[in-house]
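Could you put together the complete structure from these sequences and hints?
Okay, here's what each chain looks like letter by letter:
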Amino acid sequence: MGDPSEAPSRQYTNPRSFQGPDGRRSQESSQPQAAVPEEVPQMLLSQQRGSQGPPSGLPQTNLRWSQGASLPENENWQTSQIFQAAEAPMGHSEHPGFPLGFQTHAYMEDSRTLASEHTTNLMLQQLQQGQGSLFQQLEPTYHSPGASFLSQFDSSQREDQHFRPSTQHSPYPRDDPGSPRFSFSEQGFLYYSPEVPEPQPRDLAVQNAKAYLLQTSVGSDLSLYEHLVNLLTKILNQRPEDPLSILESLNRTTQWEWFHRKLDTLRDDPEMQPAYEMAEKQKALFIQGGGGDREQEMEEEMMETVVPNIMESAFHLEQASVGLSSDESFRIYLALKQLVQQQPVHTCRFWGKILGLRSSYLVAEVEFREGEEEEEEEEGEELLLEGAEALEPHGGEEEGEEDEEKVVDVVPKPQWKPPPVVPKEESRTGANKYLYFVCTEPGRQWTRLPHVTPAQIVCARKIRKFFTGHLDAPVISYPPFPGNEANYLRAQIARISAATHISPLGFYQFGEEEGDEEDEGGAGRDSFEENPDFEGIPVLELVDSLANWVHHTQHILPQGRCTWVNPLQKTEEEEEELREEEEKADQVLEEVEQEIGPPLLTPLSEDAEIMNMSPWTTRLSCSLCPQYSVAVVRSNLWPGAYAYASGKKFGNLYIGWGHKYSPDNFNPALPATVQQEYASGPEIMEMGDPTVEEEQALRAAQEQALAAAEKEEEDEEEEEDEDLED
Amino acid sequence: MDAESLLLSLELAAGSGLGLSPDRRAALLTSLQLVKRDYRYDRVLFWGRILGIVADYYIAQGLSEDQLAPRKTLYSLNCIEWSLLPPATEERATQMAMVKGRFMGDPSHEYEHTEFQKMTAEDDVVVQVKEETRLVSVIDQIDKAVAIIPRGALFKTPFGPVHVNRTFEGLPLSEARKLSSYFHFREPVGLKNKTLLEKADLDPSLDFLDSLEHDIPKGSWSIQMERGNSLVVLRSLLWPGFTFFHTPRTRNHGYIYVGTGEKNMDLPFML
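Protein chains in written order, with this note's numbering: chain X, 5 to 730; chain Y, 15 to 285.
Source of the hints: derived by calculation from the structure; they are not laboratory data.
A portion of the hints provided could be inaccurate.
[Stated by the list, open to error] In silico DSS-like links for lysine-lysine, alpha-carbon gap of 30 Å or less: (1) X:K285 <-> Y:K192; (2) Y:K277 <-> Y:K192; (3) Y:K232 <-> Y:K170; (4) Y:K158 <-> Y:K206; (5) X:K466 <-> Y:K114; (6) Y:K114 <-> X:K469; (7) X:K653 <-> X:K341; (8) Y:K232 <-> X:K466; (9) Y:K208 <-> X:K469; (10) X:K664 <-> Y:K277; (11) X:K466 <-> Y:K277; (12) Y:K232 <-> Y:K208; (13) X:K469 <-> Y:K192; (14) Y:K206 <-> Y:K170; (15) Y:K192 <-> X:K287; (16) X:K469 <-> Y:K50; (17) X:K664 <-> Y:K114; (18) X:K664 <-> Y:K158; (19) Y:K50 <-> Y:K86; (20) X:K469 <-> Y:K232; (21) Y:K208 <-> Y:K50; (22) Y:K144 <-> X:K664; (23) Y:K170 <-> X:K238; (24) X:K664 <-> Y:K232.
Right, dumping it as C-alpha cells:
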C-alpha cells in the first residue's frame, strides 16, 4: 500500500509547524481510533472554513492549545488537512478520518469558548452547503473508517471534553454512545505511541472489518456493505424527515428494490399479467364502433336504444344502499350494449348478480325479437332424445341375451314406471318468458342459458348448493339434479324472478283481450301491458302498505310450471301404444289434481308469512329527506332481492347467493322408499327359509328313514343269507 | 374497514352488492370522527350493518393502540348517535344459541324461549333475552370466526403489543390468492399446535395469528378476483354477507359485514 506511506508523510510533515512533542502526531494518528465524535456542523464548519480560506467565524485563538500552536498556523494546517482530505485518494483508509478528526479535536479544544450561537447559524448554512459536497465525495466507496466516521454523527458529546486515551484492546472504536468518546485530561496529556508500527494492526483491523462486511449474505448476492451503501445513498438522496424513525422501513424498501429493479422497460411485469388482460378486454368495451361519420353515429346513438338506463337505476338503488359501485355499473351498461349489438334483442334488462365461489355471474334478462327463435334449443332436445333412445335398446339387448342363455328363467320385468315427464314450457311463456344471458365480468363473452324444465325447478327446490362460477360444473346432489350448473342457475333465476319481481300497483294492467278462463284451465291471464295512465304512487304510501305492490311474474306451481298440465294426458300416439298398460295404471294411481297458484298481479299483502314475519320489508331510503326518497322493498324470503320505486319509475334487482331463506335448517331429501318386490305368481314364488327347528326335525326324520331303510336291507340280506344257507 | 378510508373501502367492497347510501356515508364520516375523539380510540372501524325487520343496526368498533386488545363495539340506528355495547361473555353466548330468526331492529325487543327444567317439577321457565344482548354475541361470534387481515398488516413488538405495520405494501399477486396469506384478526388459537418445523419458517413478528388455511369446514371461504383482476375479494360462506377486500400491492384492505346476522348452518350441504 503505497498510500499509507505517503499519507503519513504528508500528515506528519505539517505538524512540524507545531511545537510540541511527537505526542501530537500520535494523537493525530490516534484520532480515528478514538473515533472522535463530532457534530457534523462542527466538522463542516471547519471544513467550510478551510475551503473558504481563513474563516471569519473563528474568533477564538488556540489559547488552550497546550502546545501553544498559533492560530493561523493551526488554521493553515487545518486548511491543508482539509484539502488533503478532499484530494486524497479515497482508497486510503485513514485519510478522511484523520485530519478531520484532528480538526475536530482541535476544535474541541476550542469548543469551550465557542458560543452556541456561533455554530447554529453557521451550522445550518454549512449543513446545506458543505454536507452535500462532502458526502458526495464519500459516496462512491465506503469503508470501515467511513462507517466509523459516520458513526461519529449519531451521538454528539459536545459537552464532553474529556479525551479518552486510546488504550484499547482492539483497534475498533467503541461505539456505545454513553461512554465518553474521547477524554482529554486537563493537563492535556496526549497519548503517544510510536508512529511506524501502529498503522499496521489498524490497517489489518480495518481490512478485516471491511472483508467481514463484504461477505455476501446467505440468501442473496448482496453483502451488508453494499446494502448499507445503498441504504445511505437512498437516505441522502431522498432526505426524508426524521430518518431515524423510519429506518426500518427504509431498510426494507432498499432490500426490496435491490431485487425488483425497474430497469426493464421492454418486459411487462409478469405478476400483473391477468390484470392487464382484463384491462384490455374492458378497454374494448369503451371503444365505439369505428368507421362512418361521427355525426351520423351520434344521431343513431341518440335514438331509442334497447339498453336500459342502468346508471339511473343504479342511482336509485344506491339511495337504498344496494347495488354495485358506479363504475362497475357503467361497465355493466357497456357490456349490455355489447350484448345488444351481438344478439337480436328486443328488450333488455339487467337482472342482477349471483355470487359464486370462484367467480360471480352477471345476469341479463333479454327478450328476443319476434321470429328470432333459438336454434340451440332444438339441438338440446335432440341430444336428450338420443340419449333416451340409446338406453332403451341397450336394455332390450340385455334381456335378449338372457333369453338365449336361460330359456326357462326370464328375469321378471320391473313394473315400476318413471313418473311421466312434465313437458317444458314453451319459450316466451311462463317460466321461459325471458331469455337469460350470463357473463362473469363485463368485457367477457355473454353466454346464453338454456330454458328451464319443470323437473329442474322441482329438483332445485329440494337442493341447496353454492354456485362455483363455471357454467359446466356438475351439480352433485341428492336428488340428482338433471343438468349442470347452467341449468341449476337458470332454475334459480326462474324461481327468484317468479317470487320477487314486483311493481307498484297500477303500473301494469291486463290487456283488453282476455282469454276465456275455461279454455286455459283456470290458469288465469298471463299477459299484461304497461298502463299508460299510471301516475305513480306517493312514496310514503308505497312504504306503508304492501298492497300497493303487485307481482308481475307468474307464480311457479309445485309442478314446476306456471300453467298446469296434466302429466297423465298423453298424446294420441302414445296412448295407442301403451293403451292397455296405461289404463291399468290410471286406475291404480291417484288422480292428479289440478294445481292452482295465485293469479298474476296479486298484491304482496297476500304473500304467505315466514315464521310470523312478513316476507317483505319496506323502507324509505332516507329519513332525513323524505321528499326525494325512494321507496325500497326488500325480500325476506329471497335475501338479496330488492325493488325500488320513485315517481313513475321502478326497478328490480337481485344481488346475492341465489338461495332461499329458510328459518329451519336444511334437511336433505330422504332417499326413496324401497320398491315393492315382484308380484308373486306361479313363476316366482317366494318361500320362507326353514327355521332351525324345522331343519333339525327334517334331518331327524331323514335319518330315521335312512335307518329304517338300512334295517330293511339288512333284514333282506339276512333273509337272503338264510335262504342261501338253507 | 377503517373510518379514515371509508369511501374507498365502500367502493371496493361494493362487489357484494350491499353498501351504504350517500346520506349514510356522509353521516358516518362525521359521526365516526366524533366517536374517535370522544372515546379516545386509536382507530375506529366501521364494522358493518345488521339488517333487521324494522330497522337496521349500524355497527362500529373502536381499537386502542394494541390492535389485539378487546375491542369496544358501538351501535347506532341512524349513523349519528352511537351507543356502547357491553362486552360479550360466555353466558350470553350460550343463551343466544337458543334464539333464532331475524333481528327485529328494535334494541329493546325481547325474545322469549322456554327453557326446560329437568330438576324441578315446576313449569318451564320462560327466559327472555333482549335483542341488544343478542346483538353483542352475534357480533362477537362473527368477529371471532371471520374477521381477517392480510399477512403483514400487523406486526408484533417484542414487548407484546400489536401495532399497525406502517410499511405494509400489500400482498403480492402471487400470494393474494392463497388462503395462507390471510390471518384471523383475533387471539390465535391454533398456533401452539404447529409442529416445530412449521414454526421454524415463521417470522415471529408477522406470523403470530391463525391463518385461514385450517378453517373448518374446509372451503368456507370463497376467494375471487374482481374489477378486472385488480381486487381480491374474500367472502365467508359461513356468515353470508361478510366481505373482505384487498387491492394487491397497495395498503388498502378491510372487511365489512352486511347481512342478517344468522349463521349459515347448512354450509356442509351446500359445498
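Legend entry - Hint consistency between K664 (chain X) and K277 (chain Y) [alpha-carbon to alpha-carbon, up to 30 Å]: Status holds; Cα separation ~14 Å.
Legend entry - Restraint status (C-alpha distance of K144 (chain Y) to K664 (chain X) at most 30 Å): Distance of about 27 Å is within 30 Å: holds.
Inset, instruction - For the pair we were handed, K285 (chain X) and K192 (chain Y), check the Cα-Cα distance against 30 Å. - result: holds, 25 Å
Inset, instruction - Would you check the hint for K469 (chain X) and K232 (chain Y), treating anything up to 30 Å between C-alpha atoms as holding? - result: Since the Cα atoms of K469 (chain X) and K232 (chain Y) sit roughly 15 Å apart, the hinted pair holds (cutoff 30 Å).
Inset, instruction - For the pair we were handed, K277 (chain Y) and K192 (chain Y), check the Cα-Cα distance against 30 Å. - result: holds, 24 Å
Legend entry - Given hint K238 (chain X) paired with K170 (chain Y) - CA-CA distance at most 30 Å: holds, 27 Å
Inset, instruction - Would you mind confirming whether the straight-line C-alpha gap from K469 (chain X) to K192 (chain Y) stays at or under 30 Å? - result: holds, 23 Å
Legend entry - Satisfaction of hint between K469 (chain X) and K114 (chain Y), Cα-Cα up to 30 Å: Since the Cα atoms of K114 (chain Y) and K469 (chain X) sit roughly 22 Å apart, the hinted pair holds (cutoff 30 Å).
Inset, instruction - Quickly compare the C-alpha distance for K232 (chain Y) and K208 (chain Y) to 30 Å and report which way the hint goes. - result: holds, 18 Å
Inset, instruction - Starting from K158 (chain Y), check that the Cα of K206 (chain Y) is at most 30 Å away, please. - result: Holds, at about 18 Å.
Legend entry - Straight-line alpha-carbon gap K208 (chain Y) to K469 (chain X), limit 30 Å: violated, 33 Å
Inset, instruction - With a cut-off of 30 Å on the C-alpha distance, tell me whether K206 (chain Y) and K170 (chain Y) pass. - result: Holds, at about 17 Å.
Against the hints set out earlier in the document, violations occur for numbers 9, 16, 21.
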